[in-house]
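With the sequences and hints as input, model every part of the structure.
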Amino acid sequence: MLFNSIEFVIFYIVVTLGYFLIPDKGKWLILLIASCYFYMAFVPVYILILLLIILIDFWVGIQLEKQENPVKKKLLLTISLFANVGILFFFKYFNFFNANLEIVLNKFHLQPWFPYITILLPIGLSFHTFQAMSYTIEVYRGNQKAEKNLGIYSLYVMFYPQLVAGPIERPQNIIHQLHEKHPFNYQLMSMGLKTMLWGFFKKLVIADRLSIYVNAVFNNPKYHNGTSIVIASFFFAIQIYCDFSGYSDIAIGCAKTMGYDLMVNFRRPYFADNIQDFWRRWHISLSTWFRDYIYFPLGGNRVRRGRLVMNVMIIFLISGIWHGANYTYIIWGALHGLFTVGYIFISPYLPKASTNPIIKKLQSLIGIGLTLVVVTFAWIFFRANTVEDAFTLIRNLSSFGAKPFIGDRISNFAHCILAILILFLVEYKLEYLPEKFNLFTAKNRMVRWASISLVIFLIILLGVFNGGQFIYFQF
Amino acid sequence: MTNNRDIIKFLISLGLFIGLLFILDQILGWSFQNLYFRQKVGQFYQTTYSVERSNQDILVFGSSRAVRHYAPGILSKNLGLSTYNMGRDGQMIPFSAALEELALNRHKPKIIILDINPWELDISPEKFEKLTILLPYYAKHKELLKYIHEISKFEDVKLLSKTYPYNSSIFVLAACTLFPRNQGQDDHGYVPLSGSISQANFNQILSMLQDRYAKIKGKENKMDTLARKYLVQFLDLAKKDQIKTYLIISPTISKDYFKWDNQLKQKSEIESIGKQYANLTYLDYSSDSSFNNHPEKFADQFHLNESGSKEFSQILVQEIKKREGK
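In order, the protein sequences belong to chains A and B. For the first sequence, position 5 matches number 5 in the working numbering, and the numbering has no gaps at all. Positions in the second sequence are counted from 1; adding 475 to them yields the working numbering.
Mixed in with the good hints there might be a few duds.
As the list claims (entries may be wrong) - No farther apart than 16 Å at their CA atoms in a straight line, the calculated lysine to aspartate or glutamate pairs in the EDC-like style are these:
hint, chain 1, residue 1, chain 2, residue 2
1, B, Lys-633, A, Glu-7
2, B, Lys-690, A, Asp-389
3, B, Lys-690, B, Glu-618
To be verified - Sample of chain B residues lacking proximity to chain A, with all beta carbon distances greater than 12 Å (derived):
hint, residue
4, Lys-484
5, Asn-553
6, Glu-576
7, Ser-636
8, Asp-662
9, Gln-679
Stated by the list, open to error - Ranges of calculated distance between the beta carbons of each label pair, as one might list FRET restraints:
hint, chain 1, residue 1, chain 2, residue 2, range
10, A, Leu-433, B, Arg-480, 31 to 39 Å
11, A, Asn-95, B, Asn-509, 51 to 59 Å
12, A, Leu-48, B, Gly-490, 38 to 46 Å
13, A, Gln-172, B, Ser-682, 53 to 61 Å
14, A, Phe-114, B, Ser-765, 33 to 41 Å
15, B, Gly-490, A, Lys-429, 29 to 37 Å
16, A, Ser-5, B, Gln-679, 38 to 46 Å
17, B, Thr-700, A, Thr-78, 13 to 21 Å
18, B, Ser-743, A, Phe-114, 37 to 45 Å
19, A, Phe-114, B, Asn-754, 27 to 35 Å
20, A, Asn-438, B, Glu-618, 15 to 23 Å
21, A, Ser-5, B, Glu-601, 16 to 24 Å
Calculated directly from the structure, the hints in this document are not laboratory data. Values in this document were obtained by computation on a predicted structure and should not be read as measured data. Quick reminder that beta carbons are idealized off the backbone N, C-alpha and C, glycines included.
Structural data, given as structure tokens:
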């Protein structure tokens with residue numbers, strides 16, 4: 001079930017009404033049933049995979065808490081990680097791995113038979129396996145008590161707002177909330193609905209509109225000139241941000257209306273003035289997952305330079321392959337790794353922030369511009385259908401001067417520009433003027449209602465309602 | 476109880492806000508409706524004319540290739556029959572079927588021309604999504620409901636909003652209202668394209684088509700049964716009203732165009748469907764040597780330019796004269 005569908009709107013109203021109508025004791029149960037239904041709306045039988053992950057990790061969690069022998073604890077954790085990564089590997093990377101192994105063996109004139117699976121990737125698999133792993137790791141580390149209620153633990157993995165595309169939660173943040181009472185709260189309901197509304201705006205008005213132009217260029221890389229490729233790459237940078245952060249906003253808002261607090265996943269990433277800052281603002285729940293469970297155990301920053309470079313590259317390569325079994329994602333990850341390593345090395349030589357406010361702003365603006373350029377360049381690999389396509393696009397980047405591609409309708413291009421302009425104004429206000437022009441939260445009810453109505457009518461008039469899937473669902 | 480007070484407060488606020496939205500939606504919807512139906516130029520005007528006022532002897536249906544290829548002036552002058560081109564950019568057979576149903580409810584033309592392309596029978600959800608351009612007419616023409624349901628099963632729920640039918644039309648409405656003189660004037664629905672393809676560009680197009688053919692050659696190309704159903708419905712309706720029908724594949728830049736596009740199966744399906752109707756003449760100009768390999772007669776790889784389309788219209792006039800014994 002997609003968030004941007006009428007089915008979801010009906011589902012949300014029914015579940016939320018049911019949630020507040022039934023006694024506190026049964027609230028987790030209605031959420032669990034709703035979450036199962038939500039997941040089964042995609043491919044029903046895949047619920048069994050989730051069930052398997054849940055049962056293994058639930059059992060491991062309880063055993064980890066009982067166990068005092070460190071070797072046995074490690075063994076239990078390994079069982080959990082092996083099960084989660086194994087399922088992920090089987091569904092997501094098995095064919096990719098086999099195809100590459102086949103190429104290598106063919107070079108040595110070996111032609112063994114390789115099995116290939118032809119089944120759909122379970123939706124959101126990378127998200128809920130990562131969330132499940134964070135539970136067993138935290139129980140192993142002693143930061144989280146093992147959950148004794150299988151229903152509550154299942155809900156931790158399956159909570160429908162964040163089940164298929166995050167935010168990837170930590171048990172410390174969410175499990176205690178699932179035990180607590182959440183009576184109806186006017187403020188939370190109002191805030192949640194407004195957050196959802198802004199998420200819908202980002203998805204329907206911006207991401208899905210830009211995708212029309214982006215798809216036209218990226219699906220025909222040979223036939224577009226440099227100007228069109230620059231526009232399409234920039235549009236994709238905005239599209240993927242609005243698509244994914246739009247989903248996160250809907251998930252966070254949806255949970256908030258029922259009284260649950262999910263972690264923030266994006267903080268205006270295109271206002272980052274360096275690549276490290278970008279990663280502190282982009283897909284925060286995944287970045288911090290990698291930081292806490294891979295980067296720090298590898299030694300983090302407190303290692304020699306050579307080891308630091310290796311740690312950074314490992315994290316970004318894993319991040320790349322997390323997104324999909326394709327070399328385009330691996331190159332995207334590698335590029336970010338190189339940019340980050342490059343920044344770590346040159347940052348000590350960069351001029352310090354000026355005390356003169358004008359020069360300081362200029363420094364920040366240059367940083368933002370450069371970060372946007374390198375991030376957008378890397379997005380070319382992320383979006384391109386193949387590595388060959390990505391290099392074709394990069395080669396064609398130099399062919400400026402010709403008339404840019406506008407699309408079959410100039411009005412669509414105009415919609416894109418208007419959508420980006422609205423996004424920029426809102427993000428600018430949130431970044432630099434957080435206390436001013438608070439329209440959705442204005443004290444005056446007329447201002448509040450007028451701004452909410454404006455966003456609703458902008459969605460009705462400018463939105464794309466073809467049920468475009470969220471990009472991150474495929475991961 | 477604070478909780479109960481919160482719930483009541485929220486429900487009252489929500490009720491008032493929905494009321495406000497309803498009023499605003501009515502006002503906005505009414506304003507857009509007025510603006511839309513008062514257009515004097517442009518694509519919205521042409522569609523409104525086709526739906527509500529077309530009463531010519533010859534009606535031409537189809538996609539952008541219909542809009543760009545059939546010159547009503549030439550057909551009218553030489554055949555002595557008034558003609559209107561009801562084609563619409565980006566639309567395919569479901570739209571033609573809807574338009575034909577609305578037009579025939581009101582008026583029986585002497586001849587119907589349906590320009591069709593094999594790829595209209597390809598699987599592509601876009602051809603149904605694009606039916607959203609019919610939404611402004613639903614309020615007056617409830618028979619459009621079955622077409623509107625092809626967009627999505629909840630489309631009529633969305634139509635509870637009076638503003639929604641005008642989704643994505645703001646810029647076109649603004650341009651046609653504020654700068655009507657800048658909009659190209661159509662000749663009874665015909666909007667010719669200017670310019671022509673250079674030889675170098677033509678060679679590039681051919682190599683692109685051949686490259687793509689190498690990739691898709693031999694792949695099974697599934698037929699869109701729903702689109703096929705609408706083609707049959709279109710032809711059935713004309714047959715029921717005993718209207719002479721011409722099912723035409725208009726000229727292409729290369730005789731192998733549909734082969735390279737992996738469309739031969741669809742093309743032969745169109746031909747075999749056409750053969751089942753006694754009132755129908757099937758004409759295939761896709762391998763007409765007057766147009767194949769003549770880039771100077773094309774504005775782009777899909778469409779004839781003005782001189783190409785006028786030449787084609789003249790050829791069609793001769794063919795119709797011959798068939799109609801004029």
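Would you list, in rising numerical order, the hints stated earlier that this structure does not obey? 3, 4, 7, 9, 14, 17, 19 and 20
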